[in-house]
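**Q** The listed protein sequences correspond, in order, to chains A, B and C.
The first sequence runs 1 to 365 under UniProt numbering.
The second sequence runs 1 to 254 under UniProt numbering.
The third sequence runs 1 to 291 under UniProt numbering.
In short, the hints are calculated from the structure, not lab data.
No experiment lies behind these values; they were computed from the predicted model shown.
No incorrect hints appear here.
Here are the simulated lysine-lysine pairs, DSSO-like style, with alpha carbons at most 27 Å apart:
(1) B:K147 x A:K17
(2) B:K147 x A:K336
(3) A:K6 x B:K147
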Amino acid sequence: MRIVFKTDYMQDIRPWKDGYQLSLYLLLLAVAIAAPWWLDDFYLGELTNVLIWAIAGLGLMVLTGHTGQASLGHAAFLAIGCYANIILVEAGVPFMIAFPVAGLITGIIGATVAVPALRLHGIYLAIFTLAMSILMDDIIVLAEPITGGVAGKYAPPVGVFGFMVDRWGTPNEFYWLTLGVVVLVTLGYINLLRAPLGRSFIAVRDSEVSAQAMGVDISRTKTISFGLSCMVTGWAGALMGLYAGAFNNETFSVVISIQLLMMIVIGGLGSIHGAFFGAIVIGFLPQFLSISKEYVGAVFGGSTVAIPGLEFGIFGMILIAFILFEPMGIYGRWLKIRTWFELFPFYRKDMFKRQKSYLKTERLR
Amino acid sequence: MSLLELENVTLKFGGLTAVDDLSFSVEEGEVFAIVGPNGAGKSTVFNLISRFYDPYAGKIRFNGHDLLQVKPSGVAAFGVARTFQNIELFEHATVLQNLLVGRHRHRTTNLLSEVFFSSSAKRQEMENREKVEEVIDFLDLQAYRDKMIAGLPYGVRKVVEVARALSTDPKLLLLDEPASGLSVEETADMRWWIDDIRRQMGITVLMVEHDMGLVSGVSDRVLAMADGAKLALGTPAEVQSHPAVIEAYLGKAS
Amino acid sequence: MDNLQLLISGLANGCVYGLIALGFVLIYKATEAVNFAQGDLMMLGAFITIGLTNTEYMGLPFWMALPISLGLMAVLGYLLDRFLIRKMFGESQTSVVILTIALGFVIRFAAGLIWGHEPQTLQNPLAGKELALGGLVLGMEDVAVIIVTVLLTWSLYVFFSKTKMGLAMQGASQNQLAAYYMGVPVKQVQGLIWALGGVVACVAGILFAAKGSVDPATGLIGIKAFAAAVIGGFGSLPGALAGGLIVGVIEPFASRYIAAGYSQIAPYALLLAVLIFRPHGLFSQVRTKKV
Chain A
1 MRIVFKTDYM QDIRPWKDGY QLSLYLLLLA VAIAAPWWLD DFYLGELTNV LIWAIAGLGL
61 MVLTGHTGQA SLGHAAFLAI GCYANIILVE AGVPFMIAFP VAGLITGIIG ATVAVPALRL
121 HGIYLAIFTL AMSILMDDII VLAEPITGGV AGKYAPPVGV FGFMVDRWGT PNEFYWLTLG
181 VVVLVTLGYI NLLRAPLGRS FIAVRDSEVS AQAMGVDISR TKTISFGLSC MVTGWAGALM
241 GLYAGAFNNE TFSVVISIQL LMMIVIGGLG SIHGAFFGAI VIGFLPQFLS ISKEYVGAVF
301 GGSTVAIPGL EFGIFGMILI AFILFEPMGI YGRWLKIRTW FELFPFYRKD MFKRQKSYLK
361 TERLR
Chain B
1 MSLLELENVT LKFGGLTAVD DLSFSVEEGE VFAIVGPNGA GKSTVFNLIS RFYDPYAGKI
61 RFNGHDLLQV KPSGVAAFGV ARTFQNIELF EHATVLQNLL VGRHRHRTTN LLSEVFFSSS
121 AKRQEMENRE KVEEVIDFLD LQAYRDKMIA GLPYGVRKVV EVARALSTDP KLLLLDEPAS
181 GLSVEETADM RWWIDDIRRQ MGITVLMVEH DMGLVSGVSD RVLAMADGAK LALGTPAEVQ
241 SHPAVIEAYL GKAS
Chain C
1 MDNLQLLISG LANGCVYGLI ALGFVLIYKA TEAVNFAQGD LMMLGAFITI GLTNTEYMGL
61 PFWMALPISL GLMAVLGYLL DRFLIRKMFG ESQTSVVILT IALGFVIRFA AGLIWGHEPQ
121 TLQNPLAGKE LALGGLVLGM EDVAVIIVTV LLTWSLYVFF SKTKMGLAMQ GASQNQLAAY
181 YMGVPVKQVQ GLIWALGGVV ACVAGILFAA KGSVDPATGL IGIKAFAAAV IGGFGSLPGA
241 LAGGLIVGVI EPFASRYIAA GYSQIAPYAL LLAVLIFRPH GLFSQVRTKK V
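Chain A extracted, bound-state conformation (with noise of 0.2 Å):
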């Protein structure tokens, strides 16, 4: 077991432990720079489509992980952010300016729409952002001037930094422009959970009454994280619209907002790693299931037939399994995995105990 000894109060406010990890995470952003050269194009579209979801879900991680609001709804705010990128670049504003600005404008609309939303709790607040999810579909296709309506608009090639980046045309560029934007977020999120803010989210998510009381302000704090987490999944979205390369209303359904919450519990809620674990399952599962198909149908004869919401059918059960047996999802059993290493053989089963209590209502009658 690695036991590291704190002589510092920085070892505490630095993001990494020791030399160690921080070096195991600098070798997976070289592996990651590194995927143009060891993946075909075929995969490295595959990995770039993670890492835009795992963009969503950090932002959706903010919001639902970080601060305890459950949001049904951010498909929204992709949608949002896609179309707010896609009329800047075409109305002549360079990428560069029009990609910060899409996410600035999702995330002032997403803070704009917390304030109304900022008296509801739990599934009061899930079913407004879903209604409003469902109103979006709607809104793109009224507003068909901006937004082409159900015809949808196309994306161009994008200019970055004098690079043409287009993702059928250059897809190594627009790989590594997804990852610039992953890192960077990833960044931000972390200097923001051990910064007084972050903690506040943490606050708000866990007793609203005892952070009142240390003087955190809950309707200011719950705002910043609407907005926050809005103005990340505007970038997410802006990245979805270049990737997809066309879209429309149906692009950003509700189904999209479902998946992406039950992304994030299936990863892990309140982790940043949990986002890019859920972004792995959704982004692979896809793949996976085909794959075994064929494989299926090669070893016992079958038809390799599709079965439509198979996908659906899959991910449902898996989510089920996560809840049920491990709420922390892939995140909490990838840490009780590591700690049985690190302790061995002084594993305890009842280290990672969940705390059960019973429901009390807050109704009073």
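Position chains B and C relative to chain A; hints supplied.
**A** This is chains B and C only, laid out in the frame that chain A set:
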């Protein structure tokens, strides 16, 4: 001028009068205890000071400021910290993170400098950490620094609550039943700590407590309440021998 | 006359929404769990009945298939509680919501696998019959839907507010631990409520499949029903029905009188308005947390 003043405070829930025309004041540097049977409105007084409830009538002043003018989250900024009767910690965070939330009222950085973790954000974190470490040393919490609250035993959580309140650097500390559910030894520790909080840190303490041993051991003055109203106010000995108090606890002698 | 016709068909639709909303509220009221899969349970109930009744499947007489499918759905509801929801005892409401959404996915998948993805209609004794009332021509199905819904809501309301069992169930919802100490068998009560939720879903499904057609994606109208439940105020049975009727009536009138494209927005716009201005429904209950 007293540190905390309640003047003719009344609170009604529907038809029920929870606090009835209550007035008292807490002087700087004292330990002031509120006792009374269950449902006497003791915790309600705390919730009034924390601004969770709006009084129906009356004034609450702290250090010359009108507390009724601020939002619940603004109370801490004046230097009022509190603990809760049914522990309200941030369950899925470490002890250290809990205490650092207590430093929130001293935040000087803005969103941007935190996202980029600028040198000022770093400096602030170092200061926060030093302050929190003092509290950790004071309450002997070193062993639990990086533990999640969700896995801690009850007695430790109780101490962490006090620690979190102390981390805010308060002038006035409100302790809501600090000894409830604690063992005899833990209660004895709590007694020394309350004493030290007043003597070493110079913090005024207002507490609600049932354990009369603890109350008479540390408090300078005691307020006895029943049915939301004041019964008696004085030294622990005076209050304990006050006929109205005895009647409220034991019923009318027939 | 036209408007009246519109109103009746709206009411009939609203009754189905109301019944699904009733299922939501029933389960929420008694167990504080929000069952997002209620719409999918309705779809499943409809398909089970179709599977038993329709000639291309088992071809049983309708009146024989009815109790069987109701019974099956009751058992399913009970099992769902026994093996899924009960494990969530003490977990947050949000995780239960996510669990039931996932459950909806699985039910939709299973239904598609068994009965295919083509829309199907339930063959029933009332099919095609009409009732003429003055100048008004009503489908018998619509009339049956309204009557059954009113009866069911009324009897559930009486059950919850008058009978001892119903009151015990409410007690269990408000404070499970206290109810447990008072001798309420909390676990059995939960199981029974879920069984009842399954039955209500099945009734809604049968009515829906008799009026129109179902396919596995039909369960998604559960979202609309959920909106209805929120509009009516979660936790009130008559409120749920009222919310369902409001949503049901708004739809045909909106599509008649509001420009196309805006009409389908109406129920959700109403939902958002209700959430913003009366966050706990039109017939709201107060809630504050005691510290």
